[in-house]
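J.: For the protein sequence lines, the chains are X and F, in the order given. Positions 1080 to 1529 (my numbering) are the ones given, in order, by the first sequence. Positions 1080 to 1529 (my numbering) are the ones given, in order, by the second sequence.
Everything labelled a hint here was simulated from the structure, so no lab data went into it. As the structure is a computational prediction, the values presented were derived from the model and not from experiment. Careful, some of the hints might be misleading.
If several chains are the same, the list does not tell them apart, and a pair holds so long as it fits within one copy or across any two.
Below, simulated DSS-like cross-link-like pairs (lysine-lysine); rule was C-alpha separation at most 25 Å, straight line [to be verified]: (1) Lys1270 with Lys1286; (2) Lys1286 with Lys1243; (3) Lys1270 with Lys1239; (4) Lys1087 with Lys1437; (5) Lys1437 with Lys1155; (6) Lys1437 with Lys1341; (7) Lys1087 with Lys1494; (8) Lys1087 with Lys1496; (9) Lys1243 with Lys1278; (10) Lys1239 with Lys1278; (11) Lys1437 with Lys1094; (12) Lys1286 with Lys1319; (13) Lys1155 with Lys1190; (14) Lys1155 with Lys1094; (15) Lys1496 with Lys1336; (16) Lys1243 with Lys1271; (17) Lys1336 with Lys1291; (18) Lys1243 with Lys1270; (19) Lys1291 with Lys1271; (20) Lys1271 with Lys1239; (21) Lys1100 with Lys1158; (22) Lys1155 with Lys1189; (23) Lys1239 with Lys1286.
Protein chains: 2
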Amino acid sequence: MMNFDLTKDYLSELKALIDNKDSKSVLSSIEDCHPADIAEILDQLDFENASILFELLEDEIAADVLVELEDDLREKLLKIHSPKEIAEEFVDNLDSDDAADIISELPENKKQEVLSHIEDQEHASDIVDLLNYDEDTAGGLMAKELIQVNSNWSVMRCVKEMRKQAEDLDFVYTIYVVDDNNMLLGTLSLKKLLLTDSKAVISEIMKEDIIKVDATLSQEEVAYTMNKYDLIVLPVVNDKGQLIGRITGDDVMDVMKEEAEKDYQMASGISEDVESSDSVWEITRARLPWLLIGMVGGLFGAKVIGIFDIEKNYEMAFFIPLIAAMGGNVGVQSAAIVVQSLASGTTSLGNISQRLIKELGVALVNGIICSTIILCSSYLLGYGFELSLTVSIALLSVIIFAALFGTFIPLTLNKYKIDPALATGPFITTVNDVLGLFIYFLTGQLILSI
Amino acid sequence: MMNFDLTKDYLSELKALIDNKDSKSVLSSIEDCHPADIAEILDQLDFENASILFELLEDEIAADVLVELEDDLREKLLKIHSPKEIAEEFVDNLDSDDAADIISELPENKKQEVLSHIEDQEHASDIVDLLNYDEDTAGGLMAKELIQVNSNWSVMRCVKEMRKQAEDLDFVYTIYVVDDNNMLLGTLSLKKLLLTDSKAVISEIMKEDIIKVDATLSQEEVAYTMNKYDLIVLPVVNDKGQLIGRITGDDVMDVMKEEAEKDYQMASGISEDVESSDSVWEITRARLPWLLIGMVGGLFGAKVIGIFDIEKNYEMAFFIPLIAAMGGNVGVQSAAIVVQSLASGTTSLGNISQRLIKELGVALVNGIICSTIILCSSYLLGYGFELSLTVSIALLSVIIFAALFGTFIPLTLNKYKIDPALATGPFITTVNDVLGLFIYFLTGQLILSI
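Kindly produce the complete structure, drawing on both the sequences and the hints.
T.: This is the structure:
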C-alpha cells in the first residue's frame, strides 16, 4: 500500500467517474486505498457523490470507512440506512469499541433496533456493555476483544484456547492472565509462550506487575498513564479488579490530539472544536463569545481612561496600546506555563505561593529589562522625560501584576476543578488590559499630576 | 503494581531514609515502583540524594529509570559515570532506540568510548546504525529489535526461528515478513500463525498491504501516519525498501506531546520549551523576545497615534484599548484555525483565496454584530453619536482586516516552509494592534475631522 496523498486531480477524476456511473472504474481507482484514505476522499466529496461511492464499497471496508469519517458525514450516511442495514453491514464487521461509538451516535429508538439486529449475541452484549460507560472514560475507550488465559492452564492448553479466541480477533497485542473469577493477575509474553516447555503452568511464567486502569478513570488520565509508562496497550478492570477490556494506543492518540486542540483553541479564544472546513456560522459561534468578552473589557478600559483627566495630558494616549499589549502578553505567557505544567502533571508538588514567587522573579527580570529599554527609547524618540518615566514605571508594575494574575487565576481555577485553560487567551488579556490601564493612569496622575 | 501518586509526605520520608543511609529501607520503599515512577521521584530530589538513590538501583532498573528522567538530571548522572559503566550498566540493558538516545546526548569522545565497551556486537552495531539518523526522523524514532520471518519459510520453521529471535525481545507486537534480500513484504498475524497448518508457507498466509514509512520521514509525518491509520506499531524501511526497524506508539505519543506543546507555547508567546520547574533565567529567556516584539509594536502604535491630532479629540483615546484588543483577538483566532488545520492536514486541498473568502464571511458576521453592539452601548454610555459611530465603523474594519491578516500570514509562512505557528500569539497581536490604531484614527479623521 502506498502512502496516500489526496490531490485535486485525483478527486476531479473520481468525480467524473461517479458522474458517469462507471462503478467499476470508481472501485478500481480506490482499490489500493486504506479505509482512512477512502474516508478522507468521502469527506471531500459532496454528499450525493459521497453516498454513491460509499454504497459501492464492500460491507467490511464500508464499516471501517464509516468509523474514520468526519462526524457530520457519518451522521448523514447513517440516516439513510435502516437499523437492520446498520447492524448487518457495519456493526457486525466492527470491533466492539468502534461499533459502540457508532451506535452511541444514533437516536435512542434506532439504537435499540440496531442492537436487536446484531447477529452475534456475544458481540451485541459486548456493545451494550460498552454503551454503559461515559465516552470520556477508560470504559468508553476500551474494546472487549482480547485474548485471556487462565493462570492454572498449561502452556499447551493455553495455545489451544488461544486458537479458539483468536478467530474473533484481527490483532493480538498482549495475552492477559486471569484467575477463575476473571480477576486480572498478569500478562503472558509471546516470548515466554514460545520459549517455555509446553507442560509449564501459566502462573509460573506470567508477568505479575502490570499497569491497569479502572473503567471509570477519565480519558485524560488514561492518556497520561499510557504516556508515562510508555504503553501501547492497557488493560481495563472493573471495581472488583476483573478484566473487562483493553485500550490501544491509537485511541489514546486521538484523546491526546483532542486535549491539545482544546487547550490551543482556548488559548486562541475559540470556544468550540472548529475546523477551517466548518461553516461560517459554526466558526462564528465558536469565536463571538470571546470577542464579546474583549468588547466588555474595552468598554471598561474606556471608563478607566475617562476617570482621569486625559485632556490635560493627551500625550499619555500614545502609550495606551503599549501598556495594554504588554499586560496581555505577559498574562498569557504566565497562564500558559501554568496550564501546561498542570496538564503534564508536573506541578503536583508545587503550591500556589511557590509558583507566585518564581513568577515574581521572572516578571522582575523581564520588567526591569523592558522598562529600562522603554525609558531610554521613548525619551530618545522625544516624548519627554516625565512621560517616559511614567510609561517606564507603569510598564514595570503592569508586567509584575499581569504575571501574578496570569499565574494566580489558572491555579485557582484548577483548585476548584475548573479547566485552567479557560484563563488563557482573551480572558486574561482583557483583565490585564483594564488592570494595566488603571496602573498606567494612576502612575501618570502621580508623576504628571494629571 | 499500584498506580502511583507522588505525595509530599512520601518524598520527605524517603529523604529522611536517604539521609540516614538506610539503603535497605530506601530500596524497599521504592520496591513496587515502575521505573517511570522512580524517575519522577528522582526528578523531585536534589542532585545529591538523587544520585545516592540512583546508585542503589539494580542496573536493569537504573537503565530504564535513566531513560525516563528529565534531560538535565540525566545529563548530570551520566557525567559522573565512566564510559565503561555507561556501556555495561545502562546501554547493555536497553533497547537499541533508548540506548541510542542516551549515547547521542554524550560528548563526542565519550560516545566512541561507550560504544567500544558494549559487549554484544550486534547491539553495538544497531546503535551505531541508529545514531546515523536525525533524531527528528523515523530513523531516529525507531528501534532495531523486531521479529522477522522469511516469506519462503513454513509455519513450523517460522515458529522455530521466532523462538531464537524472541530471546532478545521483551515484547512482540508484530511479525514482519521479508524476502531473501530483507525487503519488507508484509506482516504475519499471530492469529494466522495459530490457526494455520504448520506446513503452510508464510507467503500464502501473510498480509501484504501494510503501511510503512521511510527512515528519512519527519517525526511529525510519522505521528500523522500512525494517527491516521490507527497504528500502534509501524515498520521503517530504507530507500531500497528493506526492513530496518519499527516505531511503537509510545514514542509517537511523545512526539505528539512535543508538537502540541510547541504550538501552544508559540500561541502564548513562549519561544523555547520551558516548564514551570525551570529556572527564572530559562523562563525569562523564552519569554523576553516576544515581549520585545510587543514593545516595538507599542512604540509604533505611539507613532501612529502621534500622526493624528488627538489633542482636539482626546475622547478618541478612550477606545484605543478596545480597538487594539479586538484586532489582536480576531487575528489570533483566525491564525489559530489556520495553524490547527495545517497541523491536522485538512487544508491540503483548500487554497489561500478560498480560505480568505470564508474568513471574510466569518469576519463580516462577527464584525457586524460587534460593531452594532458597540454603537448602541457607547452611545447609551454617553460618548456622543459621532464618537460612537467612529468606534463602530473602525471596529468593523479592524475585525475584517485582522481576520484577513490572521489567515493570510500563517498560510503564507506555510507556503514558504516556515512554521505557521510563528504567526500566532504576540506577533499577530502586535501587527494587528498597529493596523487597528491606524484604521481607528483614519476613521476618526473622516468622521470627527481631527
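J.: Hints first: check each against the structure and report whether it holds.
T.: Each hint, compared with the structure:
no. : hint                 : result
1   : Lys1270 with Lys1286 : both (11 Å within a copy, 22 Å between copies)
2   : Lys1286 with Lys1243 : both (23 Å within a copy, 20 Å between copies)
3   : Lys1270 with Lys1239 : both (17 Å within a copy, 12 Å between copies)
4   : Lys1087 with Lys1437 : between (52 Å within a copy, 19 Å between copies)
5   : Lys1437 with Lys1155 : between (53 Å within a copy, 23 Å between copies)
6   : Lys1437 with Lys1341 : between (27 Å within a copy, 22 Å between copies)
7   : Lys1087 with Lys1494 : between (50 Å within a copy, 17 Å between copies)
8   : Lys1087 with Lys1496 : between (47 Å within a copy, 21 Å between copies)
9   : Lys1243 with Lys1278 : both (19 Å within a copy, 20 Å between copies)
10  : Lys1239 with Lys1278 : both (13 Å within a copy, 18 Å between copies)
11  : Lys1437 with Lys1094 : between (60 Å within a copy, 24 Å between copies)
12  : Lys1286 with Lys1319 : within (20 Å within a copy, 39 Å between copies)
13  : Lys1155 with Lys1190 : within (16 Å within a copy, 58 Å between copies)
14  : Lys1155 with Lys1094 : within (20 Å within a copy, 60 Å between copies)
15  : Lys1496 with Lys1336 : both (22 Å within a copy, 23 Å between copies)
16  : Lys1243 with Lys1271 : both (20 Å within a copy, 12 Å between copies)
17  : Lys1336 with Lys1291 : both (22 Å within a copy, 22 Å between copies)
18  : Lys1243 with Lys1270 : both (20 Å within a copy, 10 Å between copies)
19  : Lys1291 with Lys1271 : within (21 Å within a copy, 28 Å between copies)
20  : Lys1271 with Lys1239 : both (16 Å within a copy, 14 Å between copies)
21  : Lys1100 with Lys1158 : within (23 Å within a copy, 69 Å between copies)
22  : Lys1155 with Lys1189 : within (14 Å within a copy, 61 Å between copies)
23  : Lys1239 with Lys1286 : both (20 Å within a copy, 23 Å between copies)
Checked against the numbered hints listed earlier, the structure breaks none of them; every hint is satisfied.
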